Every structure is written in structure tokens, then in C-alpha cells.
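Asker: Since chain A is already given, all that's left is putting chain B on it; use the hints.
Protein chains: 2
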Amino acid sequence: MPSYHAPVKDTQFVLQHVLNIQNYANLEGFADATPDTIAAVLEQGAKFVEEVLQPINQSGDQEGCIRNPDGSVTTPKGFKEAYRHYIDGGWGTLSAPVEFGGQGLPHVISIAFNEYMISANMAFAMYPGLTHGAISSIMVRGSDAQKQTYIPKMVTGEWLGTMNLTEPHCGTDLGLIRTKAEPQGDGTYKITGTKIFISAGENDLADNIIHLVLAKATGAPDTVKGISLFIVPKILVNEDGSLGAQNSVMCGSLEHKMGIKANATCVMNYDGATGYLVGEREKGLQAMFIMMNAARLGVGQQGMALGEVAYQNAVAYAKDRIQGRALTGPQNPQAKADPIIVHPDVRRMLLDARVYNEGGRAFALWGGLLVDLVHKAQTEEERQQADDIISLLTPVLKGFLTDKGYEAATNCQQVFGGHGYIEEWGMSQFVRDARISMIYEGANGIQALDLVARKLGQNGGRAVRAFFEMVSTFCAEHKDTAEMAPFVAPLEKANGHLQAATMWLMQNGLTNPNNAGAASYPYMQMMGLVTLGYLWAKMAKAAHDALAAGTDDESFFKNKLITAKHFAERHLVETGSLLRKVEAGSDTIMAMAANDF
Amino acid sequence: MPSYHAPVKDTQFVLQHVLNIQNYANLEGFADATPDTIAAVLEQGAKFVEEVLQPINQSGDQEGCIRNPDGSVTTPKGFKEAYRHYIDGGWGTLSAPVEFGGQGLPHVISIAFNEYMISANMAFAMYPGLTHGAISSIMVRGSDAQKQTYIPKMVTGEWLGTMNLTEPHCGTDLGLIRTKAEPQGDGTYKITGTKIFISAGENDLADNIIHLVLAKATGAPDTVKGISLFIVPKILVNEDGSLGAQNSVMCGSLEHKMGIKANATCVMNYDGATGYLVGEREKGLQAMFIMMNAARLGVGQQGMALGEVAYQNAVAYAKDRIQGRALTGPQNPQAKADPIIVHPDVRRMLLDARVYNEGGRAFALWGGLLVDLVHKAQTEEERQQADDIISLLTPVLKGFLTDKGYEAATNCQQVFGGHGYIEEWGMSQFVRDARISMIYEGANGIQALDLVARKLGQNGGRAVRAFFEMVSTFCAEHKDTAEMAPFVAPLEKANGHLQAATMWLMQNGLTNPNNAGAASYPYMQMMGLVTLGYLWAKMAKAAHDALAAGTDDESFFKNKLITAKHFAERHLVETGSLLRKVEAGSDTIMAMAANDF
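Heads up: the sequence lines are chains A and B, in that order.
For this note's numbering, count along the first sequence from 1 and bump the result up by 646.
For this note's numbering, count along the second sequence from 1 and bump the result up by 646.
No lab work stands behind these hints: they were computed from the structure.
Quantities reported herein were computed from a predicted structural model and do not represent experimental measurements.
When chains are identical, the list treats them as one kind, so a pair holds in a single copy or across two.
Each computed DSS-like pair below joins lysine-lysine, with the alpha-carbon atoms no more than 30 Å apart:
1. Lys982 / Lys836
2. Lys799 / Lys693
3. Lys693 / Lys655
4. Lys982 / Lys929
5. Lys871 / Lys982
6. Lys965 / Lys826
7. Lys982 / Lys826
8. Lys1184 / Lys655
9. Lys871 / Lys965
Same shape as in the complex, but just chain A:
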């Protein structure tokens, strides 16, 4: 049976040494995030996920969820109790607003905890996962009454939130949605339609489920411009806040999926259900995007978090499995064979996973800090800079980290040989669970398109210019020191490739949008590599500084340098080939008639 230990030390390294979270004490909520508080949250969080969530991860996968004849859904054994622990421990409240019962801690702290929860039990983490995004949408667009009615219970986790976009015939292209909202004259609407792939759409964990539903109100344009956002509670809430009648919404069936089997993926049937408009009519997509951007960061983290738990188990196996001899002669001569971790190619698989786990952790936490700055920065300039970078990098964080998480999980499964393919060992589950992260919340190809077609050009390219300047400045500052050269030189080169690719896009993507589309995926990969190369170089700098200052944990920082070097030598070098793919353009890709595929 697989195991998991939350990498608290590495989280702390990123927070303290790389992001220097202590420098942000002037921001709202950060002063409360003292080193002691952060340590307590991470350590208690680690304990919770290791003792409560991880032990029911594999059994949850084997059992799956059951839809009962009355439409209710039973989650796997232990999930209900574990969710009770989650509520009682206040784990949903970490960075929620104080006025609604939250602890008001920085978003970056809840991101740190979120990783542990996903690694321990992704299907479980998905139940409360979308609630945070739902809270954000209501916070930003909802009325005061809606906030008072729904948010306190959603903050504690007593009520869950879901996100209802997809319909049988449409996912990416929301303009096609058919779900209708008929105004009732009393300010409410009757919602009718079918939504599919609704994660946690129905379950037995929470007292109520607050569905956020996209629909077209009567008379609205039948395009993306006609979409409004509605709150549709599973159980209607009385004026006094108590639960009232069951709403006309029901889980029609559960999907049978490749993974995340312990999460109930529901077909939801709305049959004249009572809904409440959130914000303005026909501004639903913008309101939903608040939720989606938050969700995309969380999904990017899923890739990395599964890579992490897969890595931990592969390392344990590679140290334990005695098979063959080191290429340079026996390392374990008293036994009949050496542990397979002596083999360079086994180490390659492990380190390939590790660079994306640790690099991805830095990326996700940095993303969390940028979200904090977007909400809390004290100057508009600082706020805008943070907003530019996180808007630019959200598709990269989602698309690149999930691709790499799947790859990492696959590599770690490979370390097990045949045993990796047997469900008992748990590695298959990590791969199967990781797979969804590349698909949902906007398939990774959509992320790539969002990056090149929307994000690059926004505000005249202000964000990408700021990104290049950030990387170049770092390189210029550190390129001349011998200890940083092995990290900075490859980063500079990769950044140059990315700049060339950006230039190519500017010159070729506008005249022929298919060039932008054809280049989008390798471009996203390049930006992912440069972003991680930048973060790895920063981590190398932090490790050097710590070693220079003297530390009683030398091996931690030395290993950080080795891992950084592996990223520079074996991953950052891919930008050269990726640039050639970008420059290949769209002629060949568009040449074949659709019917000839």
C-alpha cells in the first residue's frame, strides 16, 4: 500500500527562502502568518492528511461512489468521517475572509495545504476544492444578502460549492449552452437543463450543496453573450438561514471514469429548480471566470501533487528493490544484488519527477502569493504587476504542470516495473488520477490557446514584457558569479529561445491566426520551462546563500543544488527544439483535408 509524507520542509524552504514571505508582513493577513503560525498550519495539515485522508485513498479508488435509486450519492467508506474531521479542523477556513468566519490567512498558505491534501487523496480534495472558487465568485459578484446567506456555511465546509458549466454537447464552447433560466417575477428564476461532469455534484458529505450554474435567461442572446450565473442550492435556504425544501435538482447518474473514482462526477438534472442570479444578467461568464482562474491554479497543483506522492513511493521502492548490479561494480557486495537506485536511468526517472515536483511547488506557491498581491497589494503598481504575471502564467501553471505531473507519475510507475501496473501497489491510481488534471478546467490545448491568443497580447504585451524583464534582470544580476553560472547560463539561453518564439508569434500569428494555434502548445511548454528555470535558479541562489551563511542542514541545500542542475541540464535544454516546432508554422498542420485524417 502506498504511503505519503507531506514535504513540509520543502514548502517552508519555498515560503521562507524563495518567496521571502516574511517581507510581506505589511499586507492584510500576512502579519498573522507568523513563522510559528505557518509551521503549525503545515505540520497539523500534514498530520491530518497523512492520518485521515491518505489511508482512505486507495480504498476510495476501489470502492467508488454509488448513486442510490433516490438520486442520493454515497461516497466511499470513511469519506464522511474524514470530511467531518476537515470541518472540525477548520481546514476550509484558512484563507477565507474573517468577516465570514474565515481565518484570513494568506492565500499562499491554503495553497500549501491544498497540495498535501491532493497528494494524500485527490478525490477527497476535490469535494471542498471547488467551494473556494464558488466563495470567490459570490464574494466578488454576489449581493450582500447572498454573501450572508451562503458564505459562512461554505467557509466552514458545512455546505459545499460546485461549478456547473459543461453540457452534453458543449464544454469549451459555452456559447452553445442550452440550460434555461425563466424569471419568476419575484427575483428568482426557474432553471432547467442538464449539466454533465459536475465534480462533487451530489454527495453525502455536506448538509447542502450550492451549485453555481451557467444558464441563459429568457430572451437573452443565444451566444456566449447571453450567459448568466445562478446560485442553485440543493436545498433551499429559508430566510432565517435554516434549510428548507429540496430544490428541483437531482443527480441523474454517475460517470464511470479512468480515475478520481472516489469523487462523484455527476450528471445534474435541473428541472425548474429555483435559482438566484449572481451579479448582473448576461455577465455570467465573467463571474464564472473568477472561479475558473482559482480552479486552474488548483488543478495545476494537482498534477504536481500527484507527481510528488508518486515520487515518494518510487523512491521507497527503488531503495528497497534488490535487482542487478551497479554498472560500476557491486555497491552492496554482501547481498546478491544492489538496490535499483544505483542505476543512472532509475535516478533519471526519479530526478525528472523531482524537478517538476519541487519546481512546480515553487510555481504554485508563487502563484498563490501573486493572488494575494492582486487582492492585497498596497500600491496599484504592485497590484497590477502581480495581476499581469499571474494572468499570463495561469494557463502555463495549469497546462504545463499537469502535463509534467502525469509524466512524473508515469515515470514513477515505471520504476516499479511490472509491479507498477498492478493496482495493489497504488502507482496506477496516481497515473489515472493525474490524467484528469490535463483535461478539466479547460483542456491543456485550450490553456495554450488562452496563453498565445489572449494573454500574450493583453495590454499591448505588457505582461510578457514584464516576464522577460524579470528573468533577464535575475540573469544579469547573477550571471557573473561562478556558483550561479550553471543555472543562469542555460536560463538565459532558454529565455532567448522564448523571446525568439514570442517575436515569431508577433510576426506570424496576427497575419495568420492558425500560426498562433499551431505554435501554441510548444510555446506553452517553452514558457513553462523558462518559468521553472527561473524558479530553479532562484532556488539555487537561495540554497547557495543558506550554505554560505552556514546551516545545520547542509545536505538539504546541497541536494537542492543538484536537483536544480538536473533541471538545467536535462529539461531547460528542450527549448531549442521547441523553438523549431514553433517556427514550423501551420502550413503542414493545416494542409490535410479533414476527411483525409
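Answerer: Just chain B now, with coordinates in the frame of chain A:
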């Protein structure tokens, strides 16, 4: 539900236009393989797999196999009947030796049919799959009496063959095996031990199962040098060829796997079972390698075959799914959206799969032809050349094509968005089934090590020199024609990178074997790219020639050129970055202490 159509036309293109099979009529069995015969085999084979095997592929995955309390195994519904069709159709006999009831057709023809069978139903194809290898081992090493006793029934498929290497504590390192063989004084042995991961180890398809089992005979060295190979029939065979008593071998349990669920993966318990030595004592590994090399080609093909069926279904979905608009404006203005195949990034995923499907098909069929030449070439020189190339490329065919097959299946699943994750659509099964091909018959890392540590240096590097000469000669012949330049120029460049990597290995791999180990994986990938680049250039040449000669199927050959170009532009370009990975050496990879992982 997914569908499948055997790509007979593409197989014929490779056989006739690329491999020029008609030029080998002087070889034994090839004269019988007239164009009419080949067409009949392929078309009837297509019909068989499409009508009989494909319809039970998804249900087989859902049902899986059942081990009954008496140790017998029940295969999924329809498998027994389908296997009866397989026997009755003579599908096992295609390239089996005529003197034992086979049709004596070229091996390359059975390879062609094998692909269809895997695409239609990989789990089914695995039942007879190892029988061919078992036949080869007995043919080459067995006594005449053994051949007479076992081979005719194995050729028809009435009896199946299996391969028993792995034990709970060892797979790759066979020196560690513990299964014992005690001589009984009458020429037979008593075999005792446990074997795991035995594909088709027990089932209800065949009248008998002929297990080929590695064991150490009493007194043999307890190392890889002490291994002998034994025939252990499930049911003992009487002198007159009739079935006798049940042997002391039993399926102890079935594994629960990520995929290939309809194939019974057995723990086999040998409890003093009667076994018959094959060939000489303590030469068991050599005898088994005959079987393993055949199996490795078949496994390489599995990757590609699953990529193919995944591609076909993704294409159908991409043409059918209406979502969003083309970047250059509506292509389907009368509807509310365009089919997603208008999007460059969807085409990228499809073409990325297609280049490895078609390129892999050419590689596998070429491999089959080389195996024919190894057995049937009329001059020793020709035989040796074929043997050199197929020995060199077997690990590449296995390792590279299975990695790419998994990637192709994953990409094709991605085309479906969320629907790809739902089991009903069948794409998940292709990914799950493809995954095993990277693991078994020597995990892909072992293939890479076999390539750099054994194959490259054999006979003073004769094979790799011949490989480079083959590619260089082709490039020299065709580089100056305008129509071939787009394929030859990138191939020459990639071949140069591969030569540089080979040189680096010669200079650095011998002094420090860890350098060879650290370089092995990217080196295997480079050789895979150059091999496919060479085959794609040959296919482009064949397509140009056909177009120049005039054809009534212009679009087929034009599409071949487009696909070849996609490979050159988007895949062959990866060798530059891979060379840098090779040249990174092993210092970083070996730097971290095992306990610091």
C-alpha cells in the same frame, strides 16, 4: 463505443512501395506470398478482427477474468468463441513452418496481421501472442521429439504457449530466480517454484498450455549461468499425443491490473511439476532470448497498434464534435460551431499520433522482413546484415514505439476532452492497455541499456556503423532533389546528432559506465527518431514516385507527404535537445546519496 478499421491500404503501401516485398520472391515462402495472397490475408484478417475481436474488446475490459476456486480461469464473455474462430481461421498458422502444419508465409505477413489483432483487442491478442515465441524456442533448441509432440498443436493454436521468467523478487535480474528443477533420473525434472506476471498462464481457451519455464537444476550455479529452460505442459502429453494427467502446476491468483484486464495475468505455482529440458542444461537464457526477441518486436507493435485505434476514434470524434470556431473564421457557417478538427492544436495531437502510427507500422514491418532475412537470406552477408540491424534496433522498436504509442493514445484521449476520461468512450482503455507495453518484456529503461551497453559495441560496432551508412547513403542519394530536400535535410541533421551522441558514448561510456547509463534513454530516443526519420523519408520517396508515375489515388500519396513533413518539422527536430541530454553525462544524476532521494 469505439470502432476500428484495419488500415489495410497503409499496410500494403509499406509492403509494396517501401519494403518492396515483391523483390524477395527468391526467399523461401515469399514466392507463395503473391500480391493476391497478401491481399486476401490482410482483408480476411481485417474482417476477422473487426467483426469478431473488436466487439468484445470493451466488454472484456469491463468484465475481466475470473479465477475459479479450482484454479481454473474463465475469460470474459465471447473470448472462447472468438478463439475458436481464430483456430478455425488458421490465423496462428500464417508464418508457422509448413512441416508442422503452418502456411510458411513470410514472418512480415504475420506481423502485419498481428497489428490488426492488437488494435482490435490487445488482451485477446496476448493469448496466442506468446505462442509464436514459444514455438521459435522449441524449434531452435528443442529435440525432434519435443517438436513433434508440441509444435503442431501450438501452430494451430489448440495449445497455447507461455513464458515463465519473473518471480516475486526478480524480473530483470534473472540470476536471482529460485525455481528449482530436480532431475528424476528418467530424463524428466520436477519443477518447483512460483512465477508471477504470467500472461495467459491459465485460461479456458485452449486444450492445453505449454509453459516454458526458467529454473535452476539441482547443483547448477545460483547465478544467471545456472538457468535452464523447461517445457512444463499444463496437461501431460501421452506418447501417442493424447492428453494425459494434469501436471502439478496451478494458477494461484490473478493480478488486478491497470489494463489488459481481459488477459489473465497469473501467479503460477509449480509444485513438483513434470518438466522437460529444452536444449542444453544451463543454456536456458539463450533459449529464452530467442523467444524474448520475438516478443519484443510484438510488444513494440502493441504501442503502435493502440496508437492507431486511438487515432481512428479521435479522428471520428474531432470531425463530429461541434465546438467553437476556426481561428480564421467560421468553416461551417450554417451551424452554430465548427467541428474541432479545424483547430491547429487538435490537428497537432492527431498528426503527432499519426506519424508514430504510420512510421511505427513501417518500422515493425521492416523488422518483420529483417527477421525473415535472418532466417532465409540466401547469402551469409545478407543474413548477417539483416541480423545486425534487427539486433541493434529491437530495443529501439520495443522501447521507442511503446513510449510513443502511450503518448499517442494519451493525445488521442485528450482530443475527447472530458469524454475521453469516461470509460464508456473507450479511450481510457487504450491508454491503460498501452501502458503495459512500456513495462513488460524488459522495461524501456532496460531496452535503452541493452542498446547502449550491449548492442552498440557488438562486433566492434559493426551494426551501428552499418546503420549510419544506410541512412547516409539514402541522404546522399536524395538530398539534391527539390522534392526530397524537406525530408532529407532534417534527417541528415538528426543523423549527425546521433553520430555525435555515439561518439560521445564511445569516448565517455567506457571510462565511466554510468555515463552510458545516464545517456541511454535520450540515446534510444534519438535512434528511434532517426530510424523513423529514415523510414518517413523512404515513404516520402515512395509517395513521390507513385505520384510521378501517375496514380488514381493521389490524395493517399499526397497525405503521406504531408504526414512525412509533420514528422520532419515537429519530431525529428528533437534530436538537438536530446544530444544535449546525452552530453550532460552522469555527474549530476549520480551526485545525490541514495538516502537523499
